[in-house]
Amino acid sequence: MAKAFKYGLKGISGYLEPAERDLLRGLLDDVISMLESDVRENEDPLAALIGLDMDVKQPGDRALLRLLPNVMKDDDGGSLEFRQLTERSVRESKIGALRAAALGLDKNELVLTPDDATRWSMALNDVRLVLAERLDIRDEADAEHIHSMQDWSQAEDVESYLALVYNFTTWLQESLVQAMMAARQAKS
Amino acid sequence: MSPSVAYGTDIDERTKAAEQSATDVLTAPDIPWNLVIWNDPVNLMSYVSFVFQSYFGYSESKAHKLMMEVHKKGRSIVAHGSKEQVEQHAVAMHGYGLWATVEKAASGNETPGKGGRQRG
Numbered sequence: 001m002a003k004a005f006k007y008g009l010k011g012i013s014g015y016l017e018p019a020e021r022d023l024l025r026g027l028l029d030d031v032i033s034m035l036e037s038d039v040r041e042n043e044d045p046l047a048a049l050i051g052l053d054m055d056v057k058q059p060g061d062r063a064l065l066r067l068l069p070n071v072m073k074d075d076d077g078g079s080l081e082f083r084q085l086t087e088r089s090v091r092e093s094k095i096g097a098l099r100a101a102a103l104g105l106d107k108n109e110l111v112l113t114p115d116d117a118t119r120w121s122m123a124l125n126d127v128r129l130v131l132a133e134r135l136d137i138r139d140e141a142d143a144e145h146i147h148s149m150q151d152w153s154q155a156e157d158v159e160s161y162l163a164l165v166y167n168f169t170t171w172l173q174e175s176l177v178q179a180m181m182a183a184r185q186a187k188s
Numbered sequence: 001m002s003p004s005v006a007y008g009t010d011i012d013e014r015t016k017a018a019e020q021s022a023t024d025v026l027t028a029p030d031i032p033w034n035l036v037i038w039n040d041p042v043n044l045m046s047y048v049s050f051v052f053q054s055y056f057g058y059s060e061s062k063a064h065k066l067m068m069e070v071h072k073k074g075r076s077i078v079a080h081g082s083k084e085q086v087e088q089h090a091v092a093m094h095g096y097g098l099w100a101t102v103e104k105a106a107s108g109n110e111t112p113g114k115g116g117r118q119r120g
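Taken in order, these protein sequences are the chains called A and B.
Take the first sequence: its letters are residues 1 to 188, numbered as in the working numbering.
Take the second sequence: its letters are residues 1 to 120, numbered as in the working numbering.
Simulated from the structure, these hints should not be mistaken for lab results.
Beta carbons are placed, not taken as given, at the ideal position from N, Cα and C, and that holds for glycine.
Accuracy of the hints is not assured; some may be wrong.
Taking CB as the label site, the calculated pair distances span [what the hints assert, rightly or not]: (1) B:74 with A:113: 19 to 29 Å; (2) A:55 with B:65: 24 to 34 Å; (3) B:75 with A:58: 16 to 26 Å; (4) A:65 with B:104: 20 to 30 Å; (5) A:19 with B:65: 33 to 43 Å; (6) A:19 with B:32: 51 to 61 Å; (7) A:30 with B:106: 19 to 29 Å; (8) A:19 with B:106: 13 to 23 Å; (9) A:148 with B:68: 42 to 52 Å.
Keeping only pairs whose Cα atoms sit at most 27 Å apart, straight-line, the calculated BS3-like set for lysine-lysine is [said to hold, decoys possible]: (10) B:73 with A:73; (11) A:6 with A:107; (12) B:104 with B:65; (13) A:6 with B:62; (14) A:73 with B:62; (15) B:104 with B:83; (16) B:62 with B:72; (17) B:65 with A:187; (18) A:187 with B:73; (19) B:104 with A:187; (20) A:57 with B:83; (21) A:57 with A:73; (22) B:62 with B:104; (23) B:83 with B:65; (24) A:73 with B:104; (25) B:62 with A:3; (26) A:73 with B:72; (27) B:73 with A:6; (28) B:73 with A:57.
Using the sequences plus the hints, can you model the full thing?
Written out as structure tokens, the structure is:
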């Protein structure tokens with residue numbers, strides 16, 4: 001079984017079994033491919049170089065829209081303009097964090113620098129946001145319901161399996177954030 | 001990350017501080033944009049609070065207060081500034097996975113938190 005992240009003499013460390021690392025790697029890769037899916041081939045290289053994307057659209061997929069939300073509540077035009085200027089860089093920074101976390105899964109014991117820990121927390125958060133969309137978590141009651149499923153013997157269909165996976169990533173992220181808080185407090 | 005810096009008591013520093021606040025007063029009406037964070041059932045309270053501390057440099061108690069406001073009221077204005085500044089914050093918040101939007105500040109609506117400090 002995985003051990004919660006903790007802050008100690010080595011910094012932030014955690015422990016994951018091979019099966020848990022495979023599971024996480026799969027989840028991280030899924031989110032990476034979601035974020036990479038729309039990269040076009042025939043685009044203006046200069047625009048790409050400076051991070052512009054004039055062909056960008058609001059994502060049709062809800063999970064992707066949650067990762068890349070509109071920046072204005074009631075202004076689709078303003079939100080689209082913002083996407084043209086910034087979405088590429090948000091995608092790239094997310095992919096960078098997800099890849100870094102996936103690369104760190106090469107052994108059971110994880111020892112994280114503060115930067116590693118930040119990237120890990122961002123990556124786990126994105127994984128949870130995507131799983132939550134797939135599980136249709138819309139409000140606190142839905143979240144409570146999913147959270148109540150803790151017993152792996154309950155995993156009888158895709159939804160209950162996803163719920164257990166979601167709860168595992170939630171637990172892992174919570175322990176990581178607590179360890180990051182402890183590291184902050186130790187420094188100040 | 002960066003510790004808060006207390007102004008020294010020598011005259012130069014005092015003058016600098018006075019000039020600073022005078023500038024703030026003059027430019028305040030010209031920076032009418034807010035960064036809003038919205039509640040969602042997925043983001044962990046501890047994570048949201050951690051992001052407010054590490055990105056904006058807010059104290060633990062301020063970060064906690066803003067996070068609770070998001071949680072209980074559904075939204076909170078966590079920083080304000082020029083449109084460009086709050087948009088830059090929004091990009092960072094989206095990077096962290098927080099649900100952030102920007103909006104023009106409506107007069108007398110909500111009291112915004114003190115503007116977010118940029119990390120170096």
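For each hint, the structure was consulted:
The beta-carbon spacing between residue 74 (chain B) and residue 113 (chain A), approximately 36 Å, falls outside the hinted interval of 19 to 29 Å. In this structure the supplied range 24 to 34 Å is violated for residue 55 (chain A) paired with residue 65 (chain B), their Cβ-Cβ distance being about 42 Å. Look at residue 75 (chain B) against residue 58 (chain A): about 21 Å separates their beta carbons, and that is inside 16 to 26 Å. Between residue 65 (chain A) and residue 104 (chain B) the beta carbons are some 23 Å apart, a value that agrees with the proposed interval 20 to 30 Å.
Roughly 41 Å separates the CB atoms of residue 19 (chain A) and residue 65 (chain B), a value that falls within the hinted 33 to 43 Å. Distance hint for residue 19 (chain A) and residue 32 (chain B): a CB-CB separation of about 53 Å, consistent with the stated range 51 to 61 Å. The beta-carbon spacing between residue 30 (chain A) and residue 106 (chain B), approximately 40 Å, falls outside the hinted interval of 19 to 29 Å. Judged by the Cβ atoms, the range 13 to 23 Å given for residue 19 (chain A) and residue 106 (chain B) is violated: they are separated by roughly 52 Å.
Restraint check, residue 148 (chain A) to residue 68 (chain B): a C-beta distance of roughly 24 Å breaks the suggested window 42 to 52 Å. About 17 Å separates the Cα atoms of residue 73 (chain B) and residue 73 (chain A), which keeps this hinted pair within 27 Å; it holds. At most 27 Å may separate the alpha-carbon atoms for a hinted pair to count; residue 6 (chain A) and residue 107 (chain A) meet this at roughly 17 Å. With a C-alpha separation of about 23 Å, the suggested pairing of residue 104 (chain B) with residue 65 (chain B) holds against the 27 Å cut-off.
Only pairs whose Cα atoms come within 27 Å are accepted, and residue 6 (chain A) paired with residue 62 (chain B) is accepted, the gap being roughly 25 Å. Simply put, residue 73 (chain A) and residue 62 (chain B) have alpha-carbon atoms about 25 Å apart, close enough for the 27 Å limit, and the pair holds. About 8 Å separates the Cα atoms of residue 104 (chain B) and residue 83 (chain B), which keeps this hinted pair within 27 Å; it holds. A C-alpha spacing of about 15 Å is found between residue 62 (chain B) and residue 72 (chain B), which places the hinted pair at or below 27 Å, so the restraint holds.
The suggested pairing of residue 65 (chain B) with residue 187 (chain A) holds, with an alpha-carbon distance near 22 Å, which does not exceed 27 Å. For the given pair, residue 187 (chain A) sits about 33 Å from residue 73 (chain B) by alpha-carbon distance, which is inconsistent with the 27 Å threshold. Among the hinted pairs, residue 104 (chain B) with residue 187 (chain A) is inconsistent with the structure: their alpha-carbon atoms are about 37 Å apart, more than 27 Å. The hinted pair formed by residue 57 (chain A) and residue 83 (chain B) meets the criterion: a straight-line CA distance of about 22 Å does not exceed 27 Å.
At roughly 16 Å between alpha-carbon atoms, residue 57 (chain A) and residue 73 (chain A) fall within 27 Å of each other, so this suggested pair holds. With a CA separation close to 23 Å, the supplied pair residue 62 (chain B) and residue 104 (chain B) stays within the 27 Å bound. For the hint pairing residue 83 (chain B) with residue 65 (chain B), the CA-to-CA distance comes to about 24 Å; that is within 27 Å, so the pair holds. With a C-alpha separation of about 11 Å, the suggested pairing of residue 73 (chain A) with residue 104 (chain B) holds against the 27 Å cut-off.
A distance of roughly 31 Å separates the Cα atoms of residue 62 (chain B) and residue 3 (chain A); the hinted pair therefore is violated under the 27 Å criterion. In summary, the hint linking residue 73 (chain A) to residue 72 (chain B) is supported, as the alpha carbons are separated by about 19 Å, within the 27 Å threshold. With a C-alpha separation of about 32 Å, the suggested pairing of residue 73 (chain B) with residue 6 (chain A) is violated against the 27 Å cut-off. About 31 Å separates the Cα atoms of residue 73 (chain B) and residue 57 (chain A), which puts this hinted pair outside 27 Å; it is violated.
Of the numbered hints listed earlier, those contradicted by the structure are 1, 2, 7, 8, 9, 18, 19, 25, 27, 28.
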